[in-house]
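Protein chains: 2
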Amino acid sequence: MFKQIIKVVPNIFTLGNLLCGVLSITLNMSGFIETAAILIFFSGVFDLLDGRIARRLKVNSEMGVQLDSLADIVSFGVAPALLFHSIAPTSVLTSLAFILFPIMGALRLAKFNVKPTIGYFNGLPIPAAGLPLAGMGFFSYSNAWITLLLALLMVSPIKVKKL
Amino acid sequence: MFKQIIKVVPNIFTLGNLLCGVLSITLNMSGFIETAAILIFFSGVFDLLDGRIARRLKVNSEMGVQLDSLADIVSFGVAPALLFHSIAPTSVLTSLAFILFPIMGALRLAKFNVKPTIGYFNGLPIPAAGLPLAGMGFFSYSNAWITLLLALLMVSPIKVKKL
Chain A
6 MFKQIIKVVP NIFTLGNLLC GVLSITLNMS GFIETAAILI FFSGVFDLLD
56 GRIARRLKVN SEMGVQLDSL ADIVSFGVAP ALLFHSIAPT SVLTSLAFIL
106 FPIMGALRLA KFNVKPTIGY FNGLPIPAAG LPLAGMGFFS YSNAWITLLL
156 ALLMVSPIKV KKL
Chain B
6 MFKQIIKVVP NIFTLGNLLC GVLSITLNMS GFIETAAILI FFSGVFDLLD
56 GRIARRLKVN SEMGVQLDSL ADIVSFGVAP ALLFHSIAPT SVLTSLAFIL
106 FPIMGALRLA KFNVKPTIGY FNGLPIPAAG LPLAGMGFFS YSNAWITLLL
156 ALLMVSPIKV KKL
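Sequences listed follow chains A and B, in order.
Position in the first sequence (first residue = 1) + 5 = our numbering.
Position in the second sequence (first residue = 1) + 5 = our numbering.
Hints in this document: simulated from the structure, not taken from any laboratory.
One should not assume that every hint holds.
All copies of an identical chain are treated as equivalent in the list; a pair is satisfied when it fits inside any one copy or across any two copies.
[What the hints assert, rightly or not] Straight-line alpha carbon distances no greater than 27 Å define the calculated BS3-like cross-link-like pairs of lysine-lysine that follow:
no. : residue 1 : residue 2
1   : Lys63     : Lys120
2   : Lys120    : Lys12
3   : Lys8      : Lys166
4   : Lys116    : Lys166
5   : Lys116    : Lys12
6   : Lys116    : Lys63
7   : Lys166    : Lys120
8   : Lys120    : Lys164
9   : Lys8      : Lys116
10  : Lys12     : Lys164
11  : Lys167    : Lys12
12  : Lys164    : Lys116
13  : Lys63     : Lys167
14  : Lys63     : Lys12
15  : Lys63     : Lys166
16  : Lys63     : Lys8
Since the structure is predicted, the reported quantities are computational estimates derived from the model, not experimental observations.
Looking at chain A on its own, in the form it has when it is part of the complex (with noise of 0.2 Å):
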């Protein structure tokens, strides 16, 4: 019953990650930027703490893997790409680098789901594109080359080291 209860710990927090996303696309969709940019900040702090506690706890687990994937797909994917899109002026390379953030973010984790990697990252892990994005959003500045170039780097194949 006990290890039941600290099985699900982890998944607690990847939810939260994944409310953050939702709530942040709720505020984008009132108005409020920064508030929308800094929920997806909160989204980055569960999914630092989820892994971590499950490596703690020793409750990793492949319903974890798998939920994390949903909720970074709406965190660092969909929601920072919403907010750049509220900000950027029209044009075709706004749409562009708009439609490809999101694809390229669930191709990048599709990806790792498959073949994971251990130690390092084949291509730029998806928060580390969706928060950026949202940092320049707290600010009120969008950049479309910037955001082409961070929805390459997840299909990239350079290495980054895990954290």
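Please build the complex by placing chain B on the supplied structure of chain A, with the hints as guidance.
The following block gives chain B in isolation, referenced to the frame of chain A:
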């Protein structure tokens, strides 16, 4: 080479599903509720086709399964919940239903990926919850109890035959 190209065809449909989900959210943000609802139905068409095409071409892959879940949480979890949120009158029940819908959807998707069932689904599949919510949204109708019920059915032990 030809085999490599054939292999990505179903994934292009899955990314079409994700893209329609993201565009549904942006249309919702701009106040185009009906079009936002229609986009979720487009996601449904892509979702129906990707699996069938993969089976027909005999290119089912773990990458496809992972991408499919990532698209589904956006198109049938977050996008319909946001549509409901845009229409429904503000209340504690509305907030509860809005928050629980994507969370239960994520739990449902993660559970299925960890323990896939053959021939039937355990709990209501997420498109079967998201599409009725989008249908209600199309008619600018919202019902927090129905939304809550759909959310809970996703994590219930009911068995649903596969289409």
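Verification of the hints:
Both within a single protomer and between protomers do Lys63 and Lys120 lie at most 27 Å apart by alpha-carbon distance, with minima of 22 Å and 21 Å respectively. Proximity of Lys120 and Lys12 under a CA criterion of 27 Å is satisfied in both settings, with 24 Å inside one chain copy and 17 Å between copies. When the C-alpha separation of Lys8 and Lys166 is checked against a cutoff of 27 Å, the pair qualifies neither within a copy, at 32 Å, nor between copies, at 33 Å. For a Cα distance limit of 27 Å, the shortest separation of Lys116 from Lys166 inside one copy, 17 Å, qualifies, whereas the shortest one across copies, 30 Å, does not.
In the homo-oligomer, the alpha carbons of Lys116 and Lys12 lie at most 27 Å apart both inside one protomer (26 Å) and across protomers (14 Å), since each shortest distance falls under that limit. In this assembly of identical chains, Lys116 and Lys63 lie within 27 Å of each other by CA distance both inside one copy and across copies; the values are 25 Å within and 20 Å between. In this assembly of identical chains, the alpha carbons of Lys166 and Lys120 lie at most 27 Å apart only when taken from the same copy (16 Å versus 31 Å across copies). For the identical chains of this complex, Lys120 and Lys164 are intra-copy neighbours only, at 14 Å inside a copy versus 31 Å across copies, given an alpha-carbon limit of 27 Å.
In this homomeric assembly, Lys8 and Lys116 come within 27 Å of each other (Cα to Cα) only across copies, at 19 Å, whereas the closest approach inside a single copy is 31 Å. Taking the closest pair of Cα atoms, Lys12 and Lys164 come within 27 Å of each other only across two copies (25 Å); inside a single copy the shortest separation is 31 Å, beyond that limit. In this assembly of identical chains, Lys167 and Lys12 lie within 27 Å of each other by CA distance solely inside one copy; the values are 24 Å within and 30 Å between copies. Taking CA atoms no more than 27 Å apart as the test, Lys164 paired with Lys116 passes inside one copy only; the shortest distance there is 14 Å, against 30 Å between copies.
In the homo-oligomer, the alpha carbons of Lys63 and Lys167 lie at most 27 Å apart inside one protomer (19 Å), although the nearest pairing across protomers, at 36 Å, exceeds that limit. For a Cα distance limit of 27 Å, the shortest separation of Lys63 from Lys12 inside one copy, 9 Å, qualifies, whereas the shortest one across copies, 37 Å, does not. In the homo-oligomer, the alpha carbons of Lys63 and Lys166 lie at most 27 Å apart inside one protomer (23 Å), although the nearest pairing across protomers, at 36 Å, exceeds that limit. Proximity of Lys63 to Lys8 under the C-alpha cut-off of 27 Å is restricted to the intra-copy arrangement: shortest distance 10 Å within a copy versus 41 Å between copies.
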